[in-house]
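Protein sequence lines, in the order shown, are assigned to chains A, B, C and D.
Per this note's numbering, residue 585 is the first one in the first sequence, and the count goes up by one each step.
Per this note's numbering, residue 585 is the first one in the second sequence, and the count goes up by one each step.
Per this note's numbering, residue 6 is the first one in the third sequence, and the count goes up by one each step.
Per this note's numbering, residue 6 is the first one in the fourth sequence, and the count goes up by one each step.
Quick caveat, the hints were computed from the structure, so don't treat them as lab data.
Misleading hints may appear alongside valid ones.
Residues on chain C that point at chain D, a partial pick, calculated with CB under 10 Å [as the list claims (entries may be wrong)]: (1) His8; (2) Ser52; (3) Glu53; (4) Pro54; (5) Glu55; (6) Asn61; (7) Glu65; (8) Leu66; (9) Arg71; (10) Phe85; (11) Gln92; (12) Gly97; (13) Leu347; (14) Gly352; (15) Glu432; (16) Thr435.
The beta-carbon is built from N, C-alpha and C at its ideal position, and this holds for glycine as well.
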Amino acid sequence: NEEPPIFTYSQPGKIGANLPAAGVETTPLPSELLRQDDLAGFPELTEPEVIRHFTRISQRNYSIDTGFYPLGSCTMKYNPKLHEEAARLPGFAAAHPLQDEELSQGALQLMYELQSYLGEISGFDAVSLQPAAGAQGELTGILVFRAYHHDRGDTQRTEVLVPDSAHGTNPATAAMVGLKVIELKSDARGNVDLDDLKAKLSPRTAGMMLTNPNTLGLFEEHIVEICRLVHEAGGLMYGDGANFNAILGIAKPGELGFDFMHYNLHKTFTTPHGGGGPGSGAVGCTAALAPYLPGPRVRRRDDGTYEFFTPEKSIGRMKAFHGNFGMLVRAWTYIRSMGAAGLRAVSETAVLNANYVRVMLKDIYPQAIDRICMHEVVLRGLIAGAPKDVRTLDIAKRLIDYGFHPPTIYFPLIVPEALMIEPTETESKQTLDRFIATMRQIAGEAVETPDVLHAAPTKAPVRRLDEVRAARQPILRYDAEAISRLQTAS
Amino acid sequence: NEEPPIFTYSQPGKIGANLPAAGVETTPLPSELLRQDDLAGFPELTEPEVIRHFTRISQRNYSIDTGFYPLGSCTMKYNPKLHEEAARLPGFAAAHPLQDEELSQGALQLMYELQSYLGEISGFDAVSLQPAAGAQGELTGILVFRAYHHDRGDTQRTEVLVPDSAHGTNPATAAMVGLKVIELKSDARGNVDLDDLKAKLSPRTAGMMLTNPNTLGLFEEHIVEICRLVHEAGGLMYGDGANFNAILGIAKPGELGFDFMHYNLHKTFTTPHGGGGPGSGAVGCTAALAPYLPGPRVRRRDDGTYEFFTPEKSIGRMKAFHGNFGMLVRAWTYIRSMGAAGLRAVSETAVLNANYVRVMLKDIYPQAIDRICMHEVVLRGLIAGAPKDVRTLDIAKRLIDYGFHPPTIYFPLIVPEALMIEPTETESKQTLDRFIATMRQIAGEAVETPDVLHAAPTKAPVRRLDEVRAARQPILRYDAEAISRLQTAS
Amino acid sequence: MTHYIPITDADRQEMLKAIGVERIEDLFVDVPASHRFPPLDLPPPLSEPELMAELNRLSELNAHARRYSIFLGAGAYNHFVPAAVDQILRRGEFYTAYTPYQPEISQGTLQAIFEYQSLICALTGMEIANASHYDGATALAESAIMALNVVRNRRKIVVARSVNPQYRAVLRTYLQGLDVEIVGDETPGSSLADALALVDDQTALLIVQNPDFLGRLHDLRGLGAQVQARGALLAVHFDPIALGLFQTPAEAGADIATGEGQPLGLGLAFGGPYLGIFTTRQKYVHKIAGRIVGVTKDVDGRMAYVLTLRAREQDIRRERATSNICTNQGLMALASAVYLSLMGKRGMRMVAEVTYQRAHYAAKRINALPGYRVLADQPFFREFVVQCPRPVAEINAALRAQHIIGGYDLSADEPQLGNAMLLAVTEMNTPAEIDRLVDALAAL
Amino acid sequence: MTHYIPITDADRQEMLKAIGVERIEDLFVDVPASHRFPPLDLPPPLSEPELMAELNRLSELNAHARRYSIFLGAGAYNHFVPAAVDQILRRGEFYTAYTPYQPEISQGTLQAIFEYQSLICALTGMEIANASHYDGATALAESAIMALNVVRNRRKIVVARSVNPQYRAVLRTYLQGLDVEIVGDETPGSSLADALALVDDQTALLIVQNPDFLGRLHDLRGLGAQVQARGALLAVHFDPIALGLFQTPAEAGADIATGEGQPLGLGLAFGGPYLGIFTTRQKYVHKIAGRIVGVTKDVDGRMAYVLTLRAREQDIRRERATSNICTNQGLMALASAVYLSLMGKRGMRMVAEVTYQRAHYAAKRINALPGYRVLADQPFFREFVVQCPRPVAEINAALRAQHIIGGYDLSADEPQLGNAMLLAVTEMNTPAEIDRLVDALAAL
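Taking the hints into account, I'd like the entire structure generated from these sequences.
Put into structure tokens, the structure is as follows:
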């Protein structure tokens, strides 16, 4: 069932594509500019071999289409198949990004409508679809904050407040823009500690980055107060949209007091995760920040046609062209197929599912903070009666043997032995019940046969890996000799 | 890794499709005509559940896209991916079969060209694309033979000659048309025994059905003589095209003396086998038989446009509409991508591959008849030194453990313990070498650890099945109780 | 070597050497020299981009459902195909597998067919279904062959006029070599009652269609009993979409029920590949042609699927076989299983209901047009006959200019109806589209 | 409940009871009451057939490669996408998986990325590649960030004018929060030599593009050594198709090489998702942003793939991170790996050669037209500048009527060139299409 590296199928002279001949009178090649190495190491295969190879390795992947994937903070919901057809329509898949606007009206209308929908769902005045991923959305937001302050002559705001429960991208983003990260403590209920916040707000505060619901899966109870305090200090509120799937039709971040947020279209709006991308990190903001958004955005002309424009004080482009357009098609399709009531049902059910898992497991896996949760729940892998060396990692790996993708583990960092479970709304109660029963079964094993957990997984394509070796003796590209040495090494 | 029947996911009220409302003023339903049972037993699921179910069961299948599939007589060659796109173009996939010919010129042109190409490749004057599969092509042929004889007032021809090595469909076809099957012996070189043929030819001979190369993978050495003898007796020669992959550009059946043949587009011309269909069994014949072909066929009008027509003495329709059109698109694409030289390379390589396997294995697995073979080779599962209870079936099942689909076994019927191996031209020497090494390895196991073979497979999704129970206590539709009884039965 | 053939020149040399011949031509010495290596006069090969361009050109020479409103049925219907169906069909594990001869590594195909059989039984109310035939027409012809084997020594088949004329033609083709009389469909306009009256003690089978070729729904309750009382069998050809709402063949007392599975997620595909649905009573399980999948256990006691009752097949009985069927429409059966699973109970009812309502809306509006008359003496489902003020060919030519594909011209099949068109309306014809059709007819 | 939500009403009641609340609204008490359950003003939901019709309508409002001949490039190219690529992309196991955090059940994604990295190294001649960035522009911006980390205490980036202007814009966006000076691209028409002259002891990085934005090929041999001699790094932005024939960034001595992977089987897709290729020297492996896959063994000694060197990432280092990159373009990296595997050595050379030859054929023919002049003072690959007798916008409007998408209008970026158009020709532009373009230009 193993599948060797594709390079091992290579034989001189094979080709897997059926290409045209030039069919024109030829021009000599500039010999001094030719590459010298004849593409050494490049594989040569036929189409059947390529298809078989990638089909076989695909079966060594876990995916939403093959099982439950409760990876907390990632919103691994079902990716509708209609969307895949939609994005492959020739006017979307085979249109040039720079062709005249008159030849792109369908694409522009779709982008314009998606801007409006996202704005409406989140309560923001303006949306830019450009960022390629959530992290780039964050970068966009912090650059916009900076530009906003600078534009007002306020150049002293060099600090960004970030709760200790935040996604790692938040502090990294602030650092990328040259701002200083000030960490905020969480209180006993999992909220931002208001006293700590007050103490750290200052004229140096550029803004605060907050995920709400936060990474504990809890809704910030003082969100309106937090926004008020930050605004009073002259700062701006950045909303990390990673957990937006919890509040569609439940609350609008723009109405709660956020100034800016990014949408993870690949989480909330079902664009596929693709094994780690492409994502799409559209951003929304208040009217005050709109002039700083990256371009191009789309607007409607008086005659009903559409055009691109760049906001007058734009921070600039975040990437070439107009965003990950294929993902925009999918998100548009999702919103149009769900409607307002459907989107609210999404969040209601996502939250219902998470709370159901919570109450059915928290007697065995203690909840980090014992509250009603939103779309995900943070439990802890601390099983009463189990030996100390049974760690959350072991529980996660044992889940693999039972056919489940493990939850996110050891995050958020402030919860030791965290198990962060996000079931999403596209899983049935039957699946949740099987998962719950399995988690309880594993807890029993942890006490009675802990070695089974240490040995897990045994039913996956491979067992636990020597990650230290991977980092200490890195093999980062195909090298027959290095691999052969690896295989003979003890 | 098991996957329960889809019915077990059903819950009242779920739906997996997103359908429009009527949106018109309603008409009452005729209550006396409504079904009474409310679709009892019909499942109710959502789209994610349906996709996950079928994705998971698909992984329990072996296929060309996942491995070597040397199933003799089935030509399990690679199915090019371009063809799948081609058949899905909207003008092919979403055109109505009865729309006006003026609105169908693209489809008609493609069919017309495919008729011409198949005729050219096989040396026949006329082609009908209607039959849905090889077996239906055979039925077509024998009906045409009957019609031809009857049309000449020759109604006494009630016998069809069929070699003892023939595919089972050949005698079955003759029986379906009410004709008597006369079996012909094979000689020591695997050819039709000419003396037996001469003895059985008579004024009752409607014709003879012959596969060439035959099911022993051997080219009939006396083919021209056979055709001459049958014709002299007033009979017609039917060519079973199952093994046509051996002789593209090598020989034309029409030139060898055949009067009629079917093409298995799903074998020779790469249309996918689909887990047992759809096939496509187009037929070709001489000018003398053309008037009897089933309609509609396509012809070119003087103005260069195309139209359907039904031959004047047609035996009638074989199915509704115009054949398995989607398969015709794929076959057309294949022929146009290969060209004449490419097709000859197909057969040359298919024969090369089969002979390579032959010479590398025949010292251990005796060849049924020791000759150069064509695109497939018939060996025998008689391993020197192995216990008598190691049968060919055990060898086949053991191959599964090594990741190979077994060859065809116990066919042709005239070869005890037959192992019929057809590698096809789309497999690499590397794959053949792995297969050869594995076959040799298994021969060793047969001698040394025969129980390993009896126990095989152990690495497949299930192990050997109780086929007797399946037939004696048939469960042919989902029935929760019956399945539960089965599972608790010993 | 091409992009599909992974044997290199070096491989070839090595392999020829192992085989013990010099040149590849030496492998073909058994082919008569005078006929060896004939030239093939074929167009030069095209590269993939060239091929795709040419295919796209040919495709766009055809009208199709993305550009035209289709009101044509007559055996093939423009019903909705959920995108999820094709996602499954495109899986190489399904479409590049063969008949599941090795059940241990074919559980995917086998389970899918078993579920198909089960879904078809639930849909039709019938007891058993096989793994499919080529299409509705051949499934119907197979019903006659089966009846001749079940009811021995009777050689007459009665087929109602209102059965799809193409299907009746295929029936005649299939039986032409056998000594069988096919009657009942000679007279245009003859009724089911007329056909029933022909069922006598020489009759093996009565074949009816419901809804019939002209779209009419019949109340067939009790028909099976009447036919069986005369020692014959009843075969009902059904429409799988109509079964979302209407009487099943089981309720009609059918011994055999066949259907065209095309509307179940297969698309129009210019006529094929489609799906022949075949169902019957449990007691005839040994008479059924084609493949059947059953459930059993493996040696470890795990539930598993397998082709069963294979003693029926020609690969074992050979010249005593009554059917030569070998291939079924496996991938199409899979498509319909995915479709039926997506639809479920609610979806099947909705599709049937929306189809019914829109068809009736269209019929009412057209019937109100001067010069047009909808024949609605009997309930109908999605198709209905419209008598038109001008020849149908003329009307359809005019509709074409507005990107509308009009109905089926009945003038050849049922000349007694005059300028009659058989119009089909499905859930894919939006109210706006129907209004456009009505306006176009009115403007003629 | 919708067709995507498998929780029934009965389930919901049962689950609410287990949770211990009465109504679903009770789960949202933490949300400030005044902001709870706001109405969403969105269009009413559409059914799947309605949606598909609307999507099809929007799609057909756009020009696209099936209906138009495309001679537009400027960073996105209409190269051939083999059908086999999409067959792999459509596999649910790939596209519905997430980042391979659990390597035991993510070997498919991990192996694909490892092979992608390896293929990119072979293509570029560079030592290591990461698992990708968002697109060519961001990969180029990341090269600057990396250089600032490698070459400490230098805050100047020199970027050649001939780098794609959109990429230069992204570079400025990315670095605007840092105290960095970006120079070298201010003067229209300035050369590589001009840029090199600006590299001084404050410079961390020189960025050049080859072939450059105007399509010109440069001989960069020795450039790396010259730059490194001044203590700076050299980044070369390459075109992956050109590398089928022409000088690699490794041959130029580049420390970093970035590229836009779009031509490698991704299609035009109206600008994205594309693929940011990032490569560098082994010695900078700890400075590289984004993910990297390496090889190791499992506890049974089986070879296996895993994300490695993760200590570089923000999920561990957080506020000391120099990149916040989290998502890569995994599926696009897979697509390009399939593409590169299909092409192989011969295919990559062929695509580059056919592109080169057809581009030169087009250039020659256009240059022969009265009023048109092709700037060909330097070798070029697939794009070239044409000086036109009339404003480019006018010419393109006229071409549009003939279903030709003309070249990129350079008047805003390079006004000194006059009415200049940047024309791109690939292997998808047949000789006949080129002739049609030439005829259309001649007829203007």
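Right, here's what the structure says about each hint:
no., hint, result
1, His8, "8 Å, holds"
2, Ser52, "8 Å, holds"
3, Glu53, "6 Å, holds"
4, Pro54, "5 Å, holds"
5, Glu55, "8 Å, holds"
6, Asn61, "6 Å, holds"
7, Glu65, "9 Å, holds"
8, Leu66, "14 Å, violated"
9, Arg71, "6 Å, holds"
10, Phe85, "5 Å, holds"
11, Gln92, "7 Å, holds"
12, Gly97, "7 Å, holds"
13, Leu347, "8 Å, holds"
14, Gly352, "9 Å, holds"
15, Glu432, "7 Å, holds"
16, Thr435, "8 Å, holds"
The earlier numbered hint that this structure contradicts is number 8, and it is the only one.
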